[in-house]
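Based on these hints, arrange chain B on the given structure of chain A.
Protein chains in written order, with our numbering: chain A, -1 to 108; chain B, 20 to 133.
A hint or two may mislead.
As the list claims (entries may be wrong) - Partial chain A-side listing against chain B, Cβ under 7 angstroms, derived:
hint, residue
1, 27
2, 40
3, 41
4, 95
5, 96
Claimed, not checked - Cut-off 20 angstroms, straight-line C-alpha distance, at most; resulting in silico cross-link-like pairs (SDA-like, lysine to any residue):
hint, chain 1, residue 1, chain 2, residue 2
6, B, 59, A, 35
7, A, 66, A, 48
8, B, 55, A, 10
9, B, 60, A, 23
10, A, 55, B, 123
11, B, 60, A, 103
12, B, 41, B, 131
13, B, 37, B, 21
14, B, 59, A, 55
15, A, 74, A, 26
16, B, 60, A, 100
17, B, 41, B, 126
18, B, 55, A, 103
These are computed hints drawn from the structure, not numbers from a lab.
Quick reminder that beta carbons are idealized off the backbone N, C-alpha and C, glycines included.
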Amino acid sequence: GQNIDQPTEMTATEGAIVQINCTYQTSGFNGLFWYQQHAGEAPTFLSYNVLDGLEEKGRFSSFLSRSKGYSYLLLKELQMKDSASYLCAVTSTGRRALTFGSGTRLQVQP
Amino acid sequence: ETGVTQTPRHLVMGMTNKKSLKCEQHLGHNAMYWYKQSAKKPLELMFVYSLEERVENNSVPSRFSPECPNSSHLFLHLHTLQPEDSALYLCASSQPGTSGNTIYFGEGSWLTVV
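Isolated chain A (complex conformation) (with noise of 0.2 angstroms):
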C-alpha cells in the first residue's frame, strides 16, 4: 500500500519563507507532486521530482530523498494569496493515478 504524511496546519508571516514536509511510503515510487488548492477551487500542479535534489521554480521550491521516502515544498517571499491547501502525492510503478495525502493547510498572516 502507500502511506503519505504531511502536517495538517501552518501559518506564517508574509514575506517569510516556510517549508512543508512530506514523507511517503510506497512500494515502485515513480514520481513526487505537489499540488496547491485554494478553498472551493480544484488542485493546480506546483511541482514534480522523480531525482533527488531540489527543483527551483520561481518562488516556490520542491525537494526529494528518495531513500529517506522524504519531500518538502518550500515556499519564499511568503504573499497572501499563498494562503491554500498543499497536497503532496506520489505515484508508484504501473499505477497511473496519483495517490494524494491529507494535505497542509497554510494560513499567511500580515
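Chain B alone, transformed into the frame defined by chain A:
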C-alpha cells in the same frame, strides 16, 4: 481555465434521484480520472480510464457508475446516493509518459445529497 471542464458545478439531489456529472478535457490526453474529495480526508481515487477503457476501480459502490464514450469525455452517473456521498467530485486527465503522468484537474462538481 485548466483545459478540463466539469458540469454542473453544483448539484443537489435526493436519495432516489438519478443524475450525472459530466467532464470534458481539451488537452488531448488519453487518461481520465474521477476523484472524490470529502472534508478533512485525502483525495480518493474512484475510477481510471485509459483510452476509453476502465483500468482501475477503487472499490467504489455500484451507485456510482462511470462512462467514458471517448478519450475527451467522462461521465459519472449517480443513482440512489446516500447523504455521506456529499462531496466535491473532481475529474482529471493526464497523458501517461509525460512529466511522470502529471494530472490536471477540472474545477469540480459540488454534490449535496439530501
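Against the structure, the hints come out as follows:
{"no.": "1", "hint": "27", "in the structure": "violated, 11 angstroms"}
{"no.": "2", "hint": "40", "in the structure": "holds, 4 angstroms"}
{"no.": "3", "hint": "41", "in the structure": "holds, 5 angstroms"}
{"no.": "4", "hint": "95", "in the structure": "holds, 5 angstroms"}
{"no.": "5", "hint": "96", "in the structure": "holds, 6 angstroms"}
{"no.": "6", "hint": "59/B <-> 35/A", "in the structure": "holds, 13 angstroms"}
{"no.": "7", "hint": "66/A <-> 48/A", "in the structure": "holds, 13 angstroms"}
{"no.": "8", "hint": "55/B <-> 10/A", "in the structure": "violated, 29 angstroms"}
{"no.": "9", "hint": "60/B <-> 23/A", "in the structure": "holds, 18 angstroms"}
{"no.": "10", "hint": "55/A <-> 123/B", "in the structure": "holds, 18 angstroms"}
{"no.": "11", "hint": "60/B <-> 103/A", "in the structure": "holds, 12 angstroms"}
{"no.": "12", "hint": "41/B <-> 131/B", "in the structure": "holds, 16 angstroms"}
{"no.": "13", "hint": "37/B <-> 21/B", "in the structure": "violated, 28 angstroms"}
{"no.": "14", "hint": "59/B <-> 55/A", "in the structure": "violated, 29 angstroms"}
{"no.": "15", "hint": "74/A <-> 26/A", "in the structure": "violated, 32 angstroms"}
{"no.": "16", "hint": "60/B <-> 100/A", "in the structure": "holds, 6 angstroms"}
{"no.": "17", "hint": "41/B <-> 126/B", "in the structure": "holds, 12 angstroms"}
{"no.": "18", "hint": "55/B <-> 103/A", "in the structure": "holds, 18 angstroms"}
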